[in-house]
Structure formats: structure tokens, C-alpha cells
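2 protein chains.
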Amino acid sequence: MQPIIILVTPQLGENIGMAARAMLNCGLSHMRLVAPRDGWPNEKGISAASGAFDLMPQIQVFDTTSDAIADCNFIYATSGKLRHMAKPVYTGDAAAADMKERVESGQKVAVLFGAERTGLLNEDLMLGNAFLNFPTNPDFSSLNLSQAVLLVAYEWLKAHDETAPRRYETQEHPPATMKEMEEFMVRLEHEIGTRGFFQSADMRPAVMRNLQTMLRRAEMSAQDIRTFHGIISILIGKKQKP
Amino acid sequence: MQPIIILVTPQLGENIGMAARAMLNCGLSHMRLVAPRDGWPNEKGISAASGAFDLMPQIQVFDTTSDAIADCNFIYATSGKLRHMAKPVYTGDAAAADMKERVESGQKVAVLFGAERTGLLNEDLMLGNAFLNFPTNPDFSSLNLSQAVLLVAYEWLKAHDETAPRRYETQEHPPATMKEMEEFMVRLEHEIGTRGFFQSADMRPAVMRNLQTMLRRAEMSAQDIRTFHGIISILIGKKQKP
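Residue numbers (this note's numbering), protein chains in the order written: chain C, -4 to 237; chain R, -4 to 237.
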């Protein structure tokens, strides 16, 4: 079971649709609506979802928040303004970690979002076991509804994702071997050296060290090195090797 | 200097506006546009920004991506589909950490986003020093443009944010002292005990242990305890203490 996203009295169909798209982007597919202003289904909402609804279980619509959360074990109430209720307030990643633990132990959890203009009202905030709050810019803090849903879904995704933080997508051109690199550097130094590139013998080591540093940082592949051999050959007037 | 968000040939004004709102929500305020389809400024865009543009430096508009990035030192190219270019691919948080380091060392960095329909084309991807990719649902991976901008801005925010992951917003009602708690438990046990709540003496320790567990988990405040004392008093027919 995944966390359920519950939009309480959402006003704009577009936001419902964009919220659904954002959920599914992050692998969440259970959405409930409480008394959507313009009803549901809603043409603008379906259009804004870019096809997400075709891949999600049907949205459930309820008259009251209380009905919508009746079968859930734990509720996170999202809130921009915190109203001095003595309940724990989670950041997005801490909430996702807590949700993950609860879901894995068999609990059904839900996240409540309020209407665009007002956010959750006190009567709905009261129903939450905990608050969920993003530490946005105090001078411009109000997130669009679908954007707030995205952040919750994204943190859920991240809590489960194991993608390497920095990776290479392709193994087509692995870095060259050190021998290929060394041979290239020796040739480069020779070809420029014999043509008078180094105006004094003193310069030579520092210039070569800088070139080595730059070219090794580039993690040149064997193909890159062949290309550079070709470039040197053409510049010195030799035919390129086939 | 903050990272610059560059939208390359964005189609819809709404997305430009929502992207600006998302940026400012997360404290970013430098946006550049490359050849926006419907021109800029654009009425729908300004409306979708919910006032963000009033608090941001003026958006700069360029004819080509190359012009837009000319003064930058390092470019992250966002891409859903990775096109087998041998460049490092960062997740959102790793990219934000890298941006933070670069910005703190005085570099001007920018993040490129492609058009809604296509994402960045190869000619723009080529200009990036690194790729930035969110590991979204492979069956429904395409993020809305403004949502993708939000995730980059949010990771930047998180890289700088020190909000406690789980906190209490209010100190109005700190947990009661252990003495207050203990006196309450003693009274509760007494009042229910003398009225025959424990059907056998054996039950008593287990029932009291469960009650203790629940009530201590609730982190009752001194005020909560006074309220419960009043509830017990009224239930046993005593007047409440003033």
C-alpha cells in the first residue's frame, strides 16, 4: 500500500490533474478528493493530467474529510502556516521516512492538502496526527497545490530510490588506459617541443603539468585520444592514419 | 550569486509563470528565457506567477542558448532521456550540493530546461558540463516543465536549509513534568480501582501498564493533565476545581 494523497475542497480542475501527473511521475497512484468545487470528473483536470489518470486506480470522491480518512491509520496534514497546535511538524524528507516505516509495517497513511486559496482549515488540521511543512521562502512561501503534492511525492520517491548521485549513463567510451594516455602525452610534447612551443626549457615542465592536469580531468576515452592523435597529425601536415 | 534557471524555447506562458513562482518559493530569483514561443512578457505567464515577478529581478530574454549561458562557468542540462553522451549525470540533491560548492567558490552556474514537448535538444545538451536527471517513474517519467524547475529549486533550498526534520512549532504547552504525570496516574488508578474497574487483581498491572504507555506516548502537557483531572471529577460527580 502506498500513501494516499487527499485533496480537500480543491478549487481548480487543472491543479487536480497536475497533482495526479506529479504523483504518478513519482510512482504514487492513490488519490482521493473531498468535495471538489467544480465536481469530478472534470475536463480541465483530465487534460492537465497528461494521461496520468489512465494509469491510476479511479479517484475516490468523498463529502467530508472525515469520510475520506476513515480507513487510514496515520494522517499527515500539510500546512504552510502552522497554527500552534502541539503536534510534531515534519519536513518533507522526514515525513517520507516516517511514511515508509509505517507503510512497511502495514499501516495505511494519507497526506491531506487544503484548498488553493486557504490551505487546510483548522477543522482539518485537527484530524492530522502530524503536520508536514516545507521550509519555503518566508517572503513568498505559498506553494501551488500541485507543486506541494509534487514535493510530497518526490520525497516518497527519494526515500525508495537508489540511483547513484553522480553516474555515467553510457559505458560506450570508458576512460582510456593510462598507457594510451601516457603515449598521447609523450607524442604531444614531442610534436610541439620540436616545433618550438616551449620558449625556454624552464617553461616546459609547468606547461606539460598543466596540460596533463586538464586532459586527465577530462577523462578522455580511447576514442577521444585517437581523435586528438588525428588532429595533431592533420595540423603537422601528416595524413591521418586510416 | 544564485544558480540561474534558463528555460530554452518554452511554449506556454503558464509554465514560465509557475516556474517563477516555484523558484521564488525556494529562494531562487534569476530566470532567463531563450526564444519563448509566445514572447515575453506574456499575460498568462504573469498571472500564473502569483506575484513572483514583482519580487524578482527582471527576466532576461535571449535569442540563443549560447548567448544565454555566455557569462556562466558551469552548466547543468536537465534531461529525461539521456542520449549517451559521456558526461556525468547528477541526481537532484547531488546537483544541488555541487552547485552550492561552485557558487560558494564564486562560479556562476545555470540550469537549462528544454521545451515542454521535447525537452532539451542534442545541440543544447551538448552545451552542458553535466546532466541533471530525476529518477522518475519509468512508466510515466515526463515532468511538467514548472514541476521540473520546482524540483531543482527545492533541492537548492534543501542544500541550504537547517530546519529540524521533526519539531514542535509551539512551546505553549510543553510536556508535563513526571511528577504531574505520576500524580495523575495514581489518581486515575484510584478512582477507577475503587469503582470496580479491575475485575481481578491480576488484570490491574497490565491494564495500568497499557494506560501508562498510551498516555505517556501522548506527551500530555500540564494543561492536558488538568483537563483530564476535570473530566474524572465530573464523571465521578464531583464539582471541578476552579
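Everything labelled a hint here was simulated from the structure, so no lab data went into it.
Careful, some of the hints might be misleading.
Distance condition first, Cα-Cα at most 20 Å in a straight line; then the derived PhoX-like pairs of lysine-lysine [claimed, not checked]:
| no. | chain 1 | residue 1 | chain 2 | residue 2 |
| --- | --- | --- | --- | --- |
| 1 | R | Lys153 | C | Lys153 |
| 2 | C | Lys95 | C | Lys39 |
| 3 | R | Lys153 | C | Lys76 |
| 4 | R | Lys153 | R | Lys95 |
| 5 | R | Lys95 | C | Lys39 |
Listed below are several chain C residues computed to face chain R (Cβ distance under 7 Å; list not exhaustive) [stated by the list, open to error]:
| no. | residue |
| --- | --- |
| 6 | Ala17 |
| 7 | Gly22 |
| 8 | Pro83 |
| 9 | Leu138 |
| 10 | Glu178 |
We put the beta carbon where it would ideally sit given N, CA and C, even for glycine.
Consistency of the hints with the structure:
1. Lys153(R) / Lys153(C): holds, 13 Å
2. Lys95(C) / Lys39(C): Violated: Lys95(C) and Lys39(C) sit about 32 Å apart, past 20 Å.
3. Lys153(R) / Lys76(C): Distance of about 19 Å is within 20 Å: holds.
4. Lys153(R) / Lys95(R): holds, 11 Å
5. Lys95(R) / Lys39(C): The given pair, whose Cα atoms are some 39 Å apart, is violated under the 20 Å limit.
6. Ala17: holds, 6 Å
7. Gly22: Holds. Min distance 5 Å.
8. Pro83: Holds, about 5 Å.
9. Leu138: holds, 5 Å
10. Glu178: With Cβ-Cβ at 21 Å, over 7 Å, it is violated.
Hint compliance for this structure: hints 2, 5, 10 are broken, all remaining hints hold.
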